[in-house]
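Visitor: Here is how the chains run, residue by residue.
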Amino acid sequence: MKKIISLFVSIHFCLFAFSQESNIGVINGDFNLNLQSYQEDSKIGAEAQDEIVLNNAYLNLNYTRGNFATGIRYESYLNALADFDPEFKGNGIMYRYATYSIDNLEITAGNYYEQLGSGLIFRSYEEKGLGIDNAMDGVRLKYVPIDGLYLKTFIGKSRTHFTYSDGIFRGADAELNINQILNSELKTKIIFGGSFVSRYQQRDNLIFQIPQNVSAYASRINLMHGKWSYFGEYAYKINDPANVLSQSQMNYANGTAFTQNITFSKRGFGISAEMHRTDNMTFKSDRDRDGKAYIINYIPTLSKPHTYSLLALYPCATQADGELGIQFDIFYKFKKGSRLGGKYGTKIAINYSQINALEGGPSFLNDIRTHKPTFINFDEVLHYQDFNISVAKKINRKLNTNFIFANQTYNKDVLEGKPIGDYGILNSTILVSDISYKIKDGHTIRLELQSLMSSQIEDGKQPKEGDWSMSLLEYTISPHWFLSIQDMYNYGNEDINKQLHYVNINAGFIKGANRFEIGYGKKREGIFCVGGVCKTVPSSNGFSLSVSSSF
Amino acid sequence: MFKKTLLTFLTAILAITFCFSQTKSLPNIDLKTLDGSKFNITEIENEGSPIVISFWATWCKPCKKELNNIAEIYEDWQDETNVKVIAISIDDSRSMSKVNPYVNASDWEYEVYLDTNSDLKRAMGVSTVPHTFLLNSQKEIVWQHKGYIEGDENELYKEIKKLVK
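Keeping their order, the protein sequence lines are chains A and B. Just so it is clear: in the first sequence, position 233 is 230 by this note's numbering, and no numbers are missing. Just so it is clear: in the second sequence, position 37 is 402 by this note's numbering, and no numbers are missing.
No lab work stands behind these hints: they were computed from the structure. You may find that some hints are simply not true.
To be verified - In silico lysine to any residue, SDA-like type, Cα no more than 20 Å apart, as pairs:
{"hint": "1", "chain 1": "A", "residue 1": "Lys40", "chain 2": "A", "residue 2": "Gly463"}
{"hint": "2", "chain 1": "A", "residue 1": "Lys391", "chain 2": "A", "residue 2": "Gly463"}
{"hint": "3", "chain 1": "B", "residue 1": "Lys397", "chain 2": "A", "residue 2": "Tyr122"}
{"hint": "4", "chain 1": "A", "residue 1": "Lys139", "chain 2": "A", "residue 2": "Ala95"}
{"hint": "5", "chain 1": "B", "residue 1": "Lys403", "chain 2": "A", "residue 2": "Lys289"}
{"hint": "6", "chain 1": "B", "residue 1": "Lys426", "chain 2": "A", "residue 2": "Ser335"}
{"hint": "7", "chain 1": "B", "residue 1": "Lys429", "chain 2": "A", "residue 2": "Tyr109"}
{"hint": "8", "chain 1": "A", "residue 1": "Lys332", "chain 2": "B", "residue 2": "Asp400"}
{"hint": "9", "chain 1": "B", "residue 1": "Lys403", "chain 2": "A", "residue 2": "Thr185"}
{"hint": "10", "chain 1": "B", "residue 1": "Lys426", "chain 2": "A", "residue 2": "Gly190"}
{"hint": "11", "chain 1": "A", "residue 1": "Lys391", "chain 2": "B", "residue 2": "Glu437"}
{"hint": "12", "chain 1": "A", "residue 1": "Lys224", "chain 2": "B", "residue 2": "Asn434"}
{"hint": "13", "chain 1": "B", "residue 1": "Lys397", "chain 2": "A", "residue 2": "Ser335"}
{"hint": "14", "chain 1": "A", "residue 1": "Lys224", "chain 2": "B", "residue 2": "Asp472"}
{"hint": "15", "chain 1": "A", "residue 1": "Lys395", "chain 2": "B", "residue 2": "Asn433"}
{"hint": "16", "chain 1": "A", "residue 1": "Lys184", "chain 2": "B", "residue 2": "Asp472"}
{"hint": "17", "chain 1": "A", "residue 1": "Lys333", "chain 2": "B", "residue 2": "Asp400"}
{"hint": "18", "chain 1": "A", "residue 1": "Lys390", "chain 2": "B", "residue 2": "Asp400"}
{"hint": "19", "chain 1": "B", "residue 1": "Lys426", "chain 2": "A", "residue 2": "Val388"}
{"hint": "20", "chain 1": "B", "residue 1": "Lys429", "chain 2": "A", "residue 2": "Gly439"}
{"hint": "21", "chain 1": "A", "residue 1": "Lys391", "chain 2": "B", "residue 2": "Ser402"}
{"hint": "22", "chain 1": "A", "residue 1": "Lys289", "chain 2": "A", "residue 2": "Lys333"}
To be verified - Anything over 12 Å on all C-beta distances counts as not near chain B; from chain A, calculated:
{"hint": "23", "residue": "Asn76"}
{"hint": "24", "residue": "Tyr92"}
{"hint": "25", "residue": "Lys263"}
{"hint": "26", "residue": "Ser269"}
{"hint": "27", "residue": "Leu299"}
{"hint": "28", "residue": "Asn424"}
{"hint": "29", "residue": "Ile474"}
{"hint": "30", "residue": "Ile502"}
Claimed, not checked - Computed spacing ranges between beta-carbons, pair by pair:
{"hint": "31", "chain 1": "B", "residue 1": "Ser502", "chain 2": "A", "residue 2": "Arg394", "range": "54 to 64 Å"}
{"hint": "32", "chain 1": "A", "residue 1": "Lys224", "chain 2": "B", "residue 2": "Glu505", "range": "31 to 41 Å"}
{"hint": "33", "chain 1": "B", "residue 1": "Ser502", "chain 2": "A", "residue 2": "Leu470", "range": "21 to 31 Å"}
By construction, the Cβ of each residue, glycine as well, lies at the ideal position given by its N, Cα and C atoms.
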């Protein structure tokens, strides 16, 4: 508390001091409020909440002047929305920082977000929609001794809900831009990077010698030549068994992760190919706690993040403990005036991804059992597969169309952590058509029709949801108004009582930097993912209000 | 103690709101260029003509709609107002590698930068994408808009024209 007050005092002081000058600095920030009411609906399994209405809100406030910046975030969960961890409870200033830079040295004290390389060994970030915020609290230094050499180091604890977890993190990173250092005009650009992070957490296991300092390393390279670009990163983490025998079965195996991608692009055409492999690479801020709040590294999911609701009905989630995946993307634009391009050009995007388990499961090592999976083997249990093709075409000044075909395979048991055999592996074929028509200046009507046809590749014991359809009608008046009504219909559910409609109505008003939205409807129980991280969303029924504003 | 903090908090907000004028310059934040070099956002330049900064991501439908719609009329906009559009991708390591192929395939003429750690996004008070800012000849933020609905580019263009009168 004292720290916070002194921070404010310093802000006041700054205000006072700077008000004498013409440049007094800049204040900005944003505010968000999400309210939701919860009514019972036994058909969809929605429960009423004791509070009737739940609320998440926060306000960010930043002050910057030249090379100095400071800021806070006030958060309010009274009480947190039902799809959030109930440990988010109460009000408080959970984020405050001050930073300044001088002669190429940047110093930050307080909270900060940091990522080393692509995040395989360390990533501290926020994703409000998922309820993830593992902000660091400590100090961080960034230094650029010469152009092309970037150094950073930090120490701190990571946030979990409304507190900080046990582990103390020490990290460092160096990045070397060869072309900048040599001041060369070489056609090939080369960037090397190396990072290190270590977590200290006291040992309280009397029998087993589990490490108190768990370190992880990663090295990366980025090569660019003309239209080609390559990125590769390899990470290694030493053994990190939990104190509780049942949790880790005393697994002393090390962890490894490997990611690489290659892209080629030119005007009108782009391709990307990616591959990753992760083995025993869950890195937590507390070895004895489970849950996404404690995860401190980031292994991105190797599949396309879909936005259409039925394409995202069964989303892929990274299994940091072990998976092997590949992904390909092709983007192509048929030129304006060509036969397939028409007057405005036609855009095509093709995406394929496949993620399999590691051979025989992740690495394992203790006195009783030793296992090390082969490096590359695509014959193992399939976790996820997605082939999709999207065609976007503007027909004329008024009519715009987008069609998508997708075929997805989803190992529900593995990806949702259910007992193997409960739901099996399901395959869905999905069609999406999205058509918008401009009625007159600023007035647009949009119709979205989606269909998901489902079958089982491996049967499960639990009842199947089967086929879905989704339709959405939206009317927008630029620049202020939008109204939409949508219906998701589970017409193919095995259980005839669950062949239900999930109808939602939303309306909103936007003016400049303010946005208001009200909604009413039913939400299906499901999985919601951003990046590689997912949360389960309970079914709900009720009103919602959201206000978002930037200043 | 808590009340005291809250009180300080509220007075701080009040003091700050009163003290500060409406013109805002850009924060001192490093981004990455598409070829991996560091780039400070304060170094963007358009020789005294307006600049549009649009936050987007490869996974964001309305963002791509906005930038694709502007792309169709960008030449006309530039001829008439010399405006420059800067697209800042907030894609993280999941989709970062797809930014360049997507931008090239879409035939965009914009300057594109990567904000992979969301540093600029936070510093500019952007909570969701798309979020569009308009900068005047002094590179001060004079207008901003959240979200995108079909036709919003006309509203933006009206604001741009106000600056080049």
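Visitor: Next step is simple, just say for each hint if it's right about the structure.
Guide: Comparing the hints with the structure gives:
1. Of the pairs offered as hints, the one joining A:Lys40 and A:Gly463 holds, with about 17 Å between alpha carbons and a cut-off of 20 Å not exceeded.
2. For a cut-off of 20 Å, the pair hint linking A:Lys391 to A:Gly463 is broken: about 33 Å separates their Cα positions.
3. With a C-alpha separation of about 18 Å, the suggested pair B:Lys397 and A:Tyr122 falls inside the 20 Å cut-off, and the hint holds.
4. Proximity of A:Lys139 to A:Ala95 is assessed by CA-CA distance (about 14 Å); at most 20 Å being required, the pair is judged to hold.
5. A C-alpha spacing of about 31 Å is found between B:Lys403 and A:Lys289, which places the hinted pair above 20 Å, so the restraint is violated.
6. Restraint check: the Cα-Cα separation between B:Lys426 and A:Ser335 comes to about 26 Å, which exceeds 20 Å; the hinted pair is violated.
7. Between the alpha carbons of B:Lys429 and A:Tyr109 the distance comes to roughly 30 Å, so the proposed pair goes past 20 Å and is violated.
8. Our distance criterion of 20 Å between C-alpha atoms is broken by A:Lys332 and B:Asp400, whose separation comes to about 26 Å.
9. The straight-line distance between the Cα atoms of B:Lys403 and A:Thr185 is roughly 17 Å, inside the 20 Å bound, and the hint therefore holds.
10. The straight-line distance between the Cα atoms of B:Lys426 and A:Gly190 is roughly 33 Å, outside the 20 Å bound, and the hint therefore fails.
11. For a cut-off of 20 Å, the pair hint linking A:Lys391 to B:Glu437 stands: about 11 Å separates their Cα positions.
12. Proposed proximity of A:Lys224 and B:Asn434 is contradicted: the alpha carbons are some 26 Å apart, above 20 Å.
13. Note on B:Lys397 and A:Ser335: the hinted pairing is violated, with a Cα-Cα distance of about 35 Å set against a maximum of 20 Å.
14. With a CA separation close to 14 Å, the supplied pair A:Lys224 and B:Asp472 stays within the 20 Å bound.
15. For the hint pairing A:Lys395 with B:Asn433, the CA-to-CA distance comes to about 15 Å; that is within 20 Å, so the pair holds.
16. Taking the CA atoms of A:Lys184 and B:Asp472, the gap is about 23 Å. The hint is violated against a cut of 20 Å.
17. With a CA separation close to 28 Å, the supplied pair A:Lys333 and B:Asp400 exceeds the 20 Å bound.
18. About 30 Å separates the Cα atoms of A:Lys390 and B:Asp400, which puts this hinted pair outside 20 Å; it is violated.
19. At roughly 14 Å between alpha-carbon atoms, B:Lys426 and A:Val388 fall within 20 Å of each other, so this suggested pair holds.
20. Of the supplied pair hints, the one linking B:Lys429 and A:Gly439 holds, its CA atoms being roughly 18 Å apart against a limit of 20 Å.
21. Simply put, A:Lys391 and B:Ser402 have alpha-carbon atoms about 36 Å apart, too far for the 20 Å limit, and the pair is violated.
22. A threshold of 20 Å between alpha carbons decides the hint, and for A:Lys289 with A:Lys333 the separation of about 47 Å lies outside it, so the pair is violated.
23. Chain B leaves A:Asn76 outside its interface by the beta-carbon criterion, the shortest separation being 18 Å against a cut-off of 12 Å.
24. Residue-level check failed: A:Tyr92 sits 10 Å from the nearest beta carbon of chain B, not beyond 12 Å.
25. At roughly 6 Å, the least C-beta separation between A:Lys263 and chain B is not larger than 12 Å, which violates its mark as non-interface.
26. Residue placement check: A:Ser269 does not keep its beta carbon more than 12 Å from all beta carbons of chain B (closest about 5 Å).
27. Remark: the non-interface label on A:Leu299 conflicts with the geometry, its nearest Cβ contact in chain B lying 8 Å away (cut-off 12 Å).
28. Every Cβ of chain B is farther than 12 Å from the Cβ of A:Asn424; the closest lies at roughly 24 Å, confirming the non-interface assignment.
29. With a least CB separation of 8 Å from chain B, A:Ile474 falls inside the 12 Å interface cut-off, contrary to its annotation.
30. At the 12 Å boundary, the C-beta of A:Ile502 stays outside the reach of chain B, the nearest C-beta of that chain being 17 Å off.
31. Checking the proposed 54 to 64 Å range against B:Ser502 and A:Arg394 shows it is violated: the Cβ atoms sit about 33 Å from each other.
32. Evaluation of the 31 to 41 Å hint for A:Lys224 and B:Glu505 yields a pass: the beta carbon distance comes to about 37 Å.
33. Restraint check, B:Ser502 to A:Leu470: a C-beta distance of roughly 43 Å breaks the suggested window 21 to 31 Å.
The structure shown violates the earlier hints numbered 2, 5, 6, 7, 8, 10, 12, 13, 16, 17, 18, 21, 22, 24, 25, 26, 27, 29, 31, 33.
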